[in-house]
Amino acid sequence: MEKQNKNLISKENGGIFCSHGDFWIDPARPVKRALITHAHFDHVSFGCEEYICSPETSVLLKERVGKKIKVKSYGYDESFKINGIKISFYPSGHILGSSQIKLLGGNEKWLITGDFKRQVDETCLNYQEVKTDFLICESTFALPIFNWDSTNKIVNQIVEWVNKSPHMTSILFCYSLGKAQRLLNELKNKNIKNIYVHSNIKKINDIYIDQGINLEDVAKINSGIKDFKGSLLLMPPSQNKFNLLKRFGDYQTAFASGWMLIRALKNRSGYDKGFAISDHADWNGLIKTIKNSEAKKIFLDHGDGETLAKYLSIEENIEIESFQTKQ
Amino acid sequence: MSINKFSKLFFDLDSNNSINKKVDLLINYFVSNSALNNSWTIFLLIGKSNKRFISGKLLREYYSKSYKLPMWLIDTCYQKVGDSAEVISLLLSNKIISKKSKDISLDDLIKNKLPELQKINEEEKVAKIKEYWEMIPKEDLLVFNKILTGTFRIGVSRGIVKKSLSKLANIDESIIEHRLMGKFVPSAKTYNFIVSGELDQVELGYKPYPFQLANTLDIPLENLSVNKYQFEWKYDGIRGQIIKRSKNISIWTRGEELVNNSFPELVNLISLINEDFVIDGEILIWDSTKDYPGEFGLLQKRLRRKSPSKKIQKDLPISFIIYDLLELNGNDIRKNILSERRDKLEKLYLNWKNKTSDPYFYKLRLTNLLKVFNWDDIENKKKDSRNFNTEGLVIKNKNSSYLPGRKKGNWWKYKVDPMQLDAVLIYAKAGSGKRADLYTDYSFALWKDKELTKFASAYSGLNNEEIKELDKWIRKNTTEKFGPVRSVKPFLVFEISFENIQLSTRHKSGVAVRFPRISKWRRDKNIYDADSIENAYKLMKK
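Residue numbers (this note's numbering), protein chains in the order written: chain A, 1 to 327; chain B, 1 to 542.
The following block holds chain B by itself, in its conformation from the complex (with noise of 0.2 Å):
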């Protein structure tokens, strides 16, 4: 495939705002394309070839050292476009190119011409970069710059893209959802698999089936009966599926990464098991002195490591914590109700626990059914939830099949009230991305010791009009920049909300928020009402 014609498509796309108008253009894209094309096409809109060949902060150096242009003044130029491969196509803009400029295979570019960039020093990058853009016609180098620093997302999300398929090929959504998952190598018969009227269950064979996944409770309890739910706690670790199937086993993430390298004790593990099966779990830090789980943060310690030495493992012990089986013996079970497919996973793991001699056995272990009988019950497990290290109950409705995505009515999350603080506005820095030039990176402080101290950045929770009187209020009331953040009069006080606290010797405040938020504009308050770092403390210890 050209990199022209993917980059007319690119910005034909960026050029409608209705999801109707884009899902007809892709269709006729994909009709009047060939096989190999439209996979490549894929592979780039929902986000696959998410490689990133250079950082964009070093892609604004080598243009910095190629044209002799000041790495401030090109910060300061990123600060207002948010994104280093569009500012370095705009500087580009300026630059009198040779003549020579020729469409180049983006197939080529992204299989071979780019990852020998990884063979070469510094110094010849540089040189291969700017030749580059000098080949390849201006308005393509958008385009380009974007599959250098792997960040392709034009406003297509996975969903336009699966929509347009599904309408092209006349086939449910969901099976293009499935066929979509796990590995994409792009070929014309990767293409004609993803819209053949036949199902390959080879090739499913090696695909993770789409999640499903629970919406925030927004119905009143009461409307619930509670017998016809299963309650589950809301685990905050990484969700993930494991296939087993004959020798082959894949630890697939909800992010479509495979990570059997991070996780040996637990493919070790699946191994000693004889049935095949598809479940779904959780991947958590498990703490066997306390029976719960760990902090996110040590799993997060966990993960850094590709390839964990044996102490790594003792030190930071994983569970996988099975919700689901949606796989047996090759049979896919998704269409059999939620308490069908309970009772056939309890069975299964019954039977592997009774028979095991794996010292390891309790690695992987079902996920506790919680004993709910009323209202009072599912409240008093949900304040009872921190305790536990859980984030809230999961919801399911027994009846229920297994559905890719959000479908309402089946799944719910009801999660523990956030811990909140009101803080005030300290710092600001411009967003990226559609963000950029609005300042919405914030950072809030505590009183300590009379003096106000940073504890928290939040990006997101207001809307948009507030989003913007903000940034007009933080122009006006700048005290000082530094580089892209300014310090400005403290004076606003927000609510900020947060799921936990922690001790932590790398922030100045002694603590560290996880999923910080703001939740309202107090308006209402001076920074003198404010809480103070003491406030923070004391919900710690709860």
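Pulled out of the complex, with its shape left as it was, chain A reads as follows (with noise of 0.2 Å):
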């Protein structure tokens, strides 16, 4: 991105801004006026005058971020123009309200993917593929090593590991925003004695539920209850210590991200397994997203672009490059 002020978009010192429009995408810092694409605190920033986001994600921000915070909302049909540039919001899958924006003025039409995942997640809106000239790309996942399973087969997973051990606590740690509730969606037919989730874990599941998602109304793990012997519970993965967790007695733990399909990660972070299921795009996925945007120039933000920025202009010579907005 040389000749940034030529283009409708540029990497600022902290984040994606739009001088047009003067407004930012997900920034780093409290600005003025931020478009969010989703929930995700590595996402939002707090004290912003005005967030614009999905519907979705507005109520989980004030949830989050504050109930006083200005927020405008827009749903995926219809789209809006701040300072002459037009915006529309499109599903990306990644949690609920999870949206890629996409921008359009002077004569630039350019796509911010926000994080997303293709696979089939019933508790938000599927991915949709967008075209575009410019695109902004996640890359969390982008190595060719990253190839996930799919869903029912890792959760199949899961539930064996409860069940092979009727008389330990079997405590799976997840994200509380998303991944969580995708999880307990998938669990809803599966064979396990009983779930419980952590209170931070229920009140997103009440935001589900209240905006129609079919979550089932599992119970706090303080909620009077003393034996956990063969049940499953969510918690976060700040509540992984010792002291917190030695009141179940004989238990054992997993984490449920697309970083454990990597050993020596899931070793070092000290739990007994990992179950490799990801809201993020893998290898393949990425590849295809990209592809299918028919850009004409790409960027690539976090984790192992310049992996797959290199591979692509080298085999493929697409017109590439990384674009790291934090750090």
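Because the hints were derived from the structure by calculation, they are not lab data.
Everything numeric in this text was worked out from a predicted model, so none of it was measured.
There's no promise every hint is true.
To be verified - Stretch-level coverage of chain A by chain B, calculated; a stretch enters the list once three of its residues show a Cβ under 8 Å from a Cβ in chain B:
| no. | segment |
| --- | --- |
| 1 | 95–108 |
| 2 | 206–212 |
| 3 | 269–282 |
| 4 | 311–318 |
Claimed, not checked - Per label pair, the in silico range of CB-to-CB distance:
| no. | chain 1 | residue 1 | chain 2 | residue 2 | range |
| --- | --- | --- | --- | --- | --- |
| 5 | A | S223 | B | I219 | 50 to 58 Å |
| 6 | A | G230 | B | S32 | 21 to 29 Å |
| 7 | A | N83 | B | T478 | 56 to 64 Å |
We treat Cβ as the ideally placed atom computed from N, Cα and C, and that holds for glycine.
Reconstruct the complex from the two isolated chains, following the hints.
Written out as structure tokens, the structure reads:
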């Protein structure tokens, strides 16, 4: 992005900036006007004057950032304008309310994917392919070693893991927003004695149910129950501390994340077991999205973007570069 | 044994961090499988199979050739994963593999199929490996690749296997340990021997005894009463055991390698002794003119020769320094106390020495007992140890039996204080194995003509918190990347400890250090406070 002032979008200190429209996308610091792809904290900065996002994201933002924030929301089928730039949201399949953002202005067409996955997840709208000229694509898992197994296969492994140890408490760590709800939905008709969730997850579950997602109302861990043997507990990773877990007696732990595909990462983080289930696209998924977007110019954000950029430019002659907004 | 069965065990063990759970898992496994199957399992788990059929790098190249994926991309993945076998199994999970997957026999694979790889040319090898990859079920490929690359070490250490077998057979761990030593041929007989309630002296006869090891001295010297202990130099060579029973001689290293072929002069010398015995000691390069050991580097050089010529034997002369006598004429005397064993050893040695006419008798020598009468003597000896090319002292309780492993309280090592220099971090590389994708291999520099010159690399010494903090810092302060290596802004200073320093033409700085490690993160120092190469030279002259 050499001639930054010529393009509609530029990488500024702290995020993606549109100077014509005078707004930011997922800024890392407080700004005047922020378009938000989804409500994970690494995409949302506290203290912005105005947030603009999908209706579901706006509900989540109010819960997580504060009731008093100023939020404007637009559905996936309604485009809108800011300072002459036409903006539309498309589902990205990452979590409830997650959006890709398309911008039109000054003869340029841009798409910012935000985080996305191509796998089906009933707790949010399916990812939608969008054509564009300029693409900013996430690339968290941009190495050919990352190939996701089917969701059903992983979920069956989780069930087996729990049921194989009926005398233990099985504690599965996962992100409170998105991953937990996806897992709960997938585990709905599986044969597990009992499932309980941490209060942080329960809070998000209530929002999902409120937004019309078909989740069962799972009980909180702290609701007077004493015996968790043979049960599955979902907790955020921050709870993985011996002091907090010792009350469960004999227990086993696991983490649900794409990173768990790598044994060294699993072993280093101290979990007994890893389940490689991710809300991001894998290597082939990223390449498919990039190719199908028909973009002339591509920027990769996060993770191993550099590697995928090098691969596609050498092997496929695609004009592409790494574009790290964070760090 | 089928590869699938072993692979399942591998993942079960890998999914439990608790040692007790791993032990229970293994006991269950041993109980429900055949003796033959179990002996193969032990063979793999304790690393007896560490034969490498193909190097990790070649494995990556074969994948690159078979599936047309660029090598640089595979290498990038390798940096993230830290294990070639795992990288390839992850990459393969993405390949649409024909449905002809079948379970294959592990014994047949290791005994017959894989050794055949040595007989075919490179091109045929690539094709053969690809054929295996597409035949073996996906979930077993990691185990298969690990057998190929000889990197079989699942967090299951020998200790866990030993514990399980001991619990299962209700036999003392030290006996199990002895039975696991030395050569291991997987068979039903081998397994039954390991767990049998009866001692089979003939079988044991071929095996070295488990070595006794010393703990670092962590109690005040004043708590030791000097006359209860025996004081020896701590030599920096290769610990070994020589077994002589009638005509059979075996020289084992602590790493359980049989090294008769590397030291023919020693075998020859031993064969001239009448008595049968097992002795514990150290193999060293011995400089007869100075009467103290040569540098460890020379011993390494010597070891590289599998069958050394007469010239090598002359240029790099070795000696075996005897520490202890474990068995005499068929009697295991490890339960006898040290002072009695030493008496027997001295008698045996002097008797032989006085009678022998062998001109090379001096290649077998008794370790000297140091004359020490009080604490000051001990301190002085320790300070003096560098002058004799030793690492310090070993302090042994005269009243103790010879016990396997690092039993606390009987043997202490009292090592000379390390040499230290403050150096600047200049490069970092991601580690492998557990430290994959973490920058944990560091290079440090000293000042030389106003420039920072690399002088040592170190991997250890920081705790996990510091490693994480440094990893973050390295990522933020990278000035250049070349392959897996990052050069970083010269900013952080570390105190580097090492055991020895020598002139070296192979290193840019002109010096080589032994056992470098980080002893302190000097947050209080800036790069201009770091040491110069002249300070390194000064250490050498001491």
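Non-conforming hints, listed in increasing numerical order = 1, 2 and 7
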